[in-house]
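Asks: Protein chains in written order, with the working numbering: chain A, 1 to 539; chain D, 1001 to 1119; chain X, 2001 to 2099.
These aren't lab readings, by the way, just hints derived from the structure by calculation. Glycine residues also receive a C-beta, built at the ideal position from the N, C-alpha and C atoms. Some hints here could point you the wrong way.
[Unchecked claim] Below, a sample of chain A positions facing chain D; criterion: calculated Cβ distance under 7 angstroms:
hint: 1; residue: P16
hint: 2; residue: I17
hint: 3; residue: A19
hint: 4; residue: D23
hint: 5; residue: V38
hint: 6; residue: V41
hint: 7; residue: A45
[Unchecked claim] Once the Cα atoms are required to be at most 25 angstroms apart in a straight line, the calculated DMTMM-like pairs of lysine to aspartate or glutamate come out as:
hint: 8; chain 1: A; residue 1: K422; chain 2: A; residue 2: D406
hint: 9; chain 1: A; residue 1: K422; chain 2: A; residue 2: D529
hint: 10; chain 1: D; residue 1: K1060; chain 2: A; residue 2: D145
hint: 11; chain 1: D; residue 1: K1060; chain 2: A; residue 2: E146
hint: 12; chain 1: D; residue 1: K1060; chain 2: D; residue 2: E1003
hint: 13; chain 1: D; residue 1: K1060; chain 2: X; residue 2: E2035
hint: 14; chain 1: D; residue 1: K1037; chain 2: D; residue 2: E1117
hint: 15; chain 1: D; residue 1: K1060; chain 2: D; residue 2: D1039
hint: 16; chain 1: D; residue 1: K1060; chain 2: D; residue 2: D1072
[As the list claims (entries may be wrong)] Pairwise CB distance ranges (calculated):
hint: 17; chain 1: X; residue 1: I2016; chain 2: D; residue 2: W1090; range: 19 to 27 angstroms
hint: 18; chain 1: A; residue 1: A25; chain 2: D; residue 2: S1021; range: 30 to 38 angstroms
hint: 19; chain 1: D; residue 1: L1087; chain 2: A; residue 2: P48; range: 43 to 51 angstroms
hint: 20; chain 1: D; residue 1: G1029; chain 2: X; residue 2: A2015; range: 51 to 59 angstroms
hint: 21; chain 1: A; residue 1: A280; chain 2: D; residue 2: L1067; range: 31 to 39 angstroms
hint: 22; chain 1: D; residue 1: I1093; chain 2: A; residue 2: H413; range: 57 to 65 angstroms
hint: 23; chain 1: A; residue 1: P504; chain 2: X; residue 2: V2023; range: 50 to 58 angstroms
hint: 24; chain 1: D; residue 1: F1104; chain 2: A; residue 2: V471; range: 33 to 41 angstroms
hint: 25; chain 1: D; residue 1: T1102; chain 2: A; residue 2: D79; range: 30 to 38 angstroms
hint: 26; chain 1: A; residue 1: V471; chain 2: D; residue 2: E1084; range: 34 to 42 angstroms
hint: 27; chain 1: A; residue 1: A345; chain 2: D; residue 2: L1067; range: 41 to 49 angstroms
hint: 28; chain 1: D; residue 1: F1104; chain 2: A; residue 2: L443; range: 47 to 55 angstroms
hint: 29; chain 1: X; residue 1: I2016; chain 2: A; residue 2: H413; range: 41 to 49 angstroms
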Amino acid sequence: MSAVSVQAIVGAAPSPIEAPDVDYATISPLLIILGAAVLGVLVEAFVPRAYRFVTQIAVAVVGVVAAFVATVVVGAGLDTVDGEVTGRGGPTAMGSLSVDGPAVVTWAMLLFFGLLGVLLFAERRLDGGLSAFTSQASTPPGSADERHATRLRIEHSEVFPLAMFALGGMMFFASANDLLGMFVALEVLSLPLYLMCGLARRRRLLSQEAAMKYFLLGAFSSAFFLYGIAMVYGYAGSFGLAEISTAVSSQIGGQNLLLAGMALILVGLLFKVAAVPFHAWTPDVYQGAPTPVTAFMAAGTKAAAFVAMLRIFFVAFGGARWDWAPAVWAIAIITMLFGAIASIAQTDVKRMLAYSSIAHAGFLLVGMAGLTSGDGVTSVSAVLFYLVAYGAAAIGAFAVVTLVRDAGGETTHLGRWAGLGKESPVLAVAFTIFLLSFAGIPLTGGFISKWSVFAAAWDGGAWPLVVVGVVASALALFFYIRVVVLLFFAPPQGDGPTVAVPSPLTWSVVAITVAVTIVLGVLPGPLLDLVQQAGAFVR
Amino acid sequence: MTEYTPVLVLAAISGAFAVFSVLIAPLTGPKRYNRAKVDSYECGIEPTPQAAGGGRVPVKYFITAMLFIVFDVEIIFLYPFAVEFDLLGWFGIVEMLLFIATVFVAYVYVWRRGGLEWD
Amino acid sequence: MTVEPFIGLSALLFAIGAIGVLVRRNAIVVFMCVELMLNACNLSFVTFARAHGNLDGQVAAFFVMVVAAAEVVVGLAIIVSIFRTRRSASVDDASLLKL
């Protein structure tokens, strides 16, 4: 049918739609990572199997490093925006992305975590020259097909493109400036993680179970998130955070829609950051997933989801803060206490780290509940600092977990870790440093980050949260010290734990994360300056 | 009424084509009957009273169905574009080509890794 | 146009889906309930798009459909792989990770 007759049906002749103005240079880090992911899929399709794994590592590392460089360039070129609060940068791509200070800092942080994750994924010396991922995910565990695939040394090098897609989704999630973009980003980051959880080489039944639980609960929570978006759209008539903010401050329409929407969105995001009572998946998934994936997921998902949560609630719902702040207070309190108390009862190292991650979600919520802006420690800068310190220590701790092994793969029962200090003092000291950082002992990054979120909360008048936070820290400290005593002073069970000799990949991850943890504790100035100069969210 | 004329013309042409095709096929086509041709149609496979192995269907169908769903639904974005492609200009065409190229990457992966082979 | 009946229906569908997720025991049925929840969201989106007189909500429905399809593929792959191992898709049987 010709254009003329289409117009005849439509009636009036419509004017051409103006092409959107997209600043490709500003969003280049995102494009590079997603490009690396697509390139990884092509590598998977065309490169012969013998070279595939190495090629994938090269594509992923080059992609992450290039994106990091691009992020630094973008960050250096952000304009300062003077408004109610100082910010840098602003919306781009028709307002669908906001490349502001916090977004760029989060990109850099996520890319750093992504690089460490890729290094852990690439480790092949621990399991007889094979990666931590199953030979063929489609074969049932223990079947003849699986043994055949293992004998042929088939490997799932798809984990690298999947990790790149997840990383791209996380970066998108942290910088999306409208709710629809956030939903798509949430799924782009979650779907690859669901799959990666089920790919463990050892203990595949646990791994598959973790994948199913994570998937079903994750899909359930993203449905809540989506329904919340629908309610907020019904209230404001737009997905843009700026338009929603305007609607919220002018109090148009029915407040019930807004309240329902905020509550549902909060549920969806609290699930992703593993806050009580939406934490049930965390221990199971952290335990069952391949440990390198757990490391990547623990650091990356938490960072992306927290920044997105802060962006939604500070930018779009900032005018309704007295409606949502009480809920955040309550959840912060129960999350901190539950995480600290439940971790005491754990006998499995990975579950213990999972409960510690839940407790840390609570501390981060304290920073958010402070609602502090302006000069000094703001909520946003405190949370960003906390995320860097926590993510580095978490990746390091899980990297140590990959190294303590017995005949059946990693040995994660805490009792089997007794006497690690004699077997491998270096590793035991590294793990101790991570635990002390989790506990918030001075001279580690954990201390400065706890101090900054508590300071932000105190300035914002949330002193009851600070009191509960200190109590929860003390509870957790008791447990972490117990583990340290176990590592160094308890008599080993049987012949004690064995420590595998990894390639330089895992060693460098442990070394980098130890260095970051200590540097952030001793010399926090540069990063504190950076996160404070990042300023507030710009809509 | 005049604005509906093209629709009516199109409907008439497509209806006529359908009738024409059905009528012309038995007149012009070769008549080589065999057992498969007189069987009831079941997606190109041998019809069986029950799937082999007690009601379970081979997993190959699952892969095919999943590939169909994902590629079928991806193309949903072509609909809004197709409605207003002349208003979007070159920007729209370039963006759509990029989108199709990305979908094609996934297709190439499936093809090279044997997702399209039945046996 | 009155919005309430459509939103009421969508809330009802969402609730049916949510309750289904909580009470059903077969992973496939649980997953179908999640899909029902997503489609309830879609109904809200198009209703509000109509009420506000803009197209954003309709575009959102497109994105949700695509995301839902991707979720189906990932989810069923996980469920099928677990079924081939255990010969069961019940979420109660998947209990190795209990404390």
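Asks: Work down the list of hints and note, for each, if the structure agrees.
Replies: So, going through the hints one by one against the coordinates:
1. P16: holds (5 angstroms)
2. I17: holds (5 angstroms)
3. A19: This interface hint holds because 4 angstroms falls under the 7 angstroms limit.
4. D23: With a closest approach of 14 angstroms, the A:D23 hint is violated.
5. V38: holds (5 angstroms)
6. V41: Holds, about 5 angstroms.
7. A45: Since chain D brings a Cβ to about 4 angstroms from A:A45, closer than 7 angstroms, the hint holds.
8. A:K422 <-> A:D406: holds (16 angstroms)
9. A:K422 <-> A:D529: violated (40 angstroms)
10. D:K1060 <-> A:D145: holds (17 angstroms)
11. D:K1060 <-> A:E146: holds (18 angstroms)
12. D:K1060 <-> D:E1003: With Cα atoms ~48 angstroms apart, D:K1060 and D:E1003 exceed 25 angstroms; violated.
13. D:K1060 <-> X:E2035: holds (24 angstroms)
14. D:K1037 <-> D:E1117: holds (24 angstroms)
15. D:K1060 <-> D:D1039: holds (23 angstroms)
16. D:K1060 <-> D:D1072: Holds, at about 18 angstroms.
17. X:I2016 <-> D:W1090: 19 to 27 angstroms: violated (46 angstroms)
18. A:A25 <-> D:S1021: 30 to 38 angstroms: violated (54 angstroms)
19. D:L1087 <-> A:P48: 43 to 51 angstroms: Between D:L1087 and A:P48, where Cβ atoms are some 46 angstroms apart, the hint holds.
20. D:G1029 <-> X:A2015: 51 to 59 angstroms: holds (55 angstroms)
21. A:A280 <-> D:L1067: 31 to 39 angstroms: Check passed, 33 angstroms falls within 31 to 39 angstroms.
22. D:I1093 <-> A:H413: 57 to 65 angstroms: holds (60 angstroms)
23. A:P504 <-> X:V2023: 50 to 58 angstroms: Cβ of A:P504 to Cβ of X:V2023: about 51 angstroms, so the range 50 to 58 angstroms holds.
24. D:F1104 <-> A:V471: 33 to 41 angstroms: This hint is violated: roughly 57 angstroms between Cβ atoms.
25. D:T1102 <-> A:D79: 30 to 38 angstroms: The hint (30 to 38 angstroms, Cβ to Cβ) holds, given that D:T1102 and A:D79 are roughly 32 angstroms apart.
26. A:V471 <-> D:E1084: 34 to 42 angstroms: violated (60 angstroms)
27. A:A345 <-> D:L1067: 41 to 49 angstroms: holds (46 angstroms)
28. D:F1104 <-> A:L443: 47 to 55 angstroms: holds (54 angstroms)
29. X:I2016 <-> A:H413: 41 to 49 angstroms: Since X:I2016 and A:H413 have Cβ atoms about 43 angstroms apart, the given range 41 to 49 angstroms holds.
Checked against the numbered hints listed earlier, the structure breaks hints 4, 9, 12, 17, 18, 24 and 26; every other hint is satisfied.
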